[in-house]
Amino acid sequence: MIFGIPVQALMGQLLVGLINGSFYALLSLGLAIIFGLLRVINFAHGAQYMLGAFAALLLLNWGGINYWLALILAPLIVGLMAAVVEKTMLSRLYKLDHLYGLLFTFGLALAIEGTFRYFFGASGKPYAPPAQLTGAVNLGFMFLPIYRGWVVIASLAVCIAVWLLIEKTKLGAYLRAATENPVLVQAFGVNVPLLLTLTYALGAGLAGFAGVLAAPVYQVSPLMGSNLIIIVFAVVVVGGMGSILGAIVTGYLLGVVEGLTKVFYPEASNIVIFVIMAIVLILRPAGLFGKDA
Amino acid sequence: MRNILLTTAAVGLAATPALAEISDGVVKIGILNDQSGVYADFGGKYSYEAARMAVEDFGGKVLDAPIEVVTADHQNKPDIASNIARQWYDTEQVDSIMELTTSSVALAVQALSKEKNKVTITTGAATTELTGAQCSPLGFHWAYDTHALAVGTGGALVEAGGDSWFFLTADYAFGYSLEEQTANFVKEKGGQVVGSVRHPLATTDYSSFLLQAQSSGAKVIGLANAGMDTQNAIKQASEFGITQGGQKLAALLFTIAEVHGLGLDAAQGLNLTESFYWNRTPESAEFGKRFKERTGVMPNMVHAGTYSAVTQYLKAIEAAGTDETEAVAAKLHELPVSDVFTQNGKVAANGRMISDVYLMEVKKPDEVTEDWDYYKVVATIPGDQAYLDPAESGCPLVK
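Protein sequences appear in the order of chains C and D.
Okay, so the first sequence: first residue is 1 according to our numbering, each after it adds one.
Okay, so the second sequence: first residue is 294 according to our numbering, each after it adds one.
Hints are computed from structural coordinates only; laboratory data are not their basis.
Be aware that one or more of the hints could be misleading.
As the list claims (entries may be wrong) - With a Cα cut of at most 27 Å, we get these calculated DSSO-like pairs of lysine-lysine:
1. C:125 / D:657
2. C:125 / D:585
3. D:608 / D:354
4. D:608 / C:125
5. D:624 / D:657
6. D:354 / D:582
7. C:125 / D:624
8. C:125 / D:582
9. D:669 / D:656
10. D:624 / D:669
11. D:585 / D:512
12. D:512 / D:624
13. D:656 / D:482
14. D:624 / D:354
15. D:608 / D:585
16. C:125 / D:639
17. D:482 / D:512
18. D:512 / D:582
19. C:125 / D:541
20. D:321 / D:639
21. D:585 / D:656
Said to hold, decoys possible - Covered, in the sense of this in silico footprint (three residues per stretch, anywhere, with C-beta under 8 Å from a C-beta of chain D), are these stretches of chain C:
22. 12-20
23. 114-127
Just so it is clear, the structure is predicted and the values come from calculations on it, not from any experiment.
The C-beta atom is built at its ideal place from N, Cα and C for all residues, glycine as well.
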């Protein structure tokens, strides 16, 4: 017993927290990449997450395409749509104040969500988990649905891959350099506008990927992203705006903290992340992993 | 030619006195509800269609005056709803506002309408306050309320053997009152409440709460929440093997619209209470199918309730021979309600329309024989038991 809670129950809640943290990590990673390189606060991230889930659903219903293919196709579709948006609209706003990018993506999110609500209704549609991942295993301390275990593994793998891409490859080096000094990088013959388009597509694609992962767990609904996006923003702020590693680690960490709050004081479970955000902002304004400006 | 003119004149003369009894020469009904938020499927544009169907089935005219239905989205905000209502009454000659999903909105618009001397019929909101302390001589409440849901799901389920409960409750006034009223019936019938947990509104992940419910060992897990919260909780409960493990889920406010959205794989075995099921009688099935042809969905109790409310309002105008508010309200209190929604409905002095409610169980996917054939009716709760005794409702109008 720890604080009156059986150890077994606590273990279960820790694991559940880790699962939620997986979604936070994936989503905040995409946001952090976009902010880090484009300096755009992407309010359309929740809508892109929702688009990923709907892409999976529609691919299945209209094309008979299964979960595994959707896991690859849906992020590509969302990424492609994001690239078009960046190229035709968002890129025009880089010269202006950051606020314009925020307002634009916010408006975009409202428009996308409104359109989907019109066609699909508010209560959403179910999406069944793939047959290979249905069922559950009894871990002794809890009943773990196999699909949830898969979510942790898949999101961890993708997070590590993206981190490696940005920190360890030549493309990543270009991206990082373009953030520091776009004019100089362009002078070296690197196509910076293309890099920015790819970055936005990558960030949105990650949101789409999280959406596909979430489809079998949550109801696929036009509003699914707007519920989550605020929490994810808090995760990014706590981790440090633009810090890739910070976004990943903080995502998992806050997922676990939230899980534990649900045991000890459930009423506070959806504000605990914001309380932590406030404390971090007071003590370390640049975030846990941010570089002090 | 002369004959035709004469006939026309005669018809015109005959029609004039009746028309004169209808203010502005038209009966206008406003359907005010949530059309873009969490309750958009619960009521939404489908309630508007139900109202239009009622008008068409009535013949499009009452006392020779045309009937119009207008609609608006109140976004679940009482201030927006009150503004729309005010505008409808003051400048658009709306005679009555109906539907009013969301309790806070319904209370605000019912109070405003009393001030403006207009009739409201609420079909989409749950609170018993509408016919309790805040009742109005011009306010009517159709279809369901928290009391009926609590009696249906709480009381009847205990009798069916579910005698220990754990509540998953949305952390706001609606959740508390639903939990409290249901818990009272559970205890009254000899059951016990072994625990409860309160979750914030619009939580997406319920696994922590469900694990607590699972380890409580309760036979029934009562979901005192609504809309997407309930849907997510049910979906995740099936994922964690809760229903397979023998625990029952009881959704305290859930309709066929949400069951459809969830799918039977996740919803099977769920208990819930509704006052209408399309596949219960041949008449309701006929109505359901016509409704589905227009809207693509089967009606739930809010949609069918709205159809009934509009129909009854028109019958009251016809019986009163005028659309003057007091006369219509008097007829609404007096006339029995008999239509596709209910065959034995009556309106109590506090404005509560009393009709039977049904405890349902969602079928397993292999038990379904046709599209939308989702429910088994487990128990019928007579209206007099389902709704609060008007004398005990706290409504000052009941003496």
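#### Entry: Hint numbers not upheld by this structure, sorted from lowest to highest
4, 5, 7, 10, 11, 12, 16, 18
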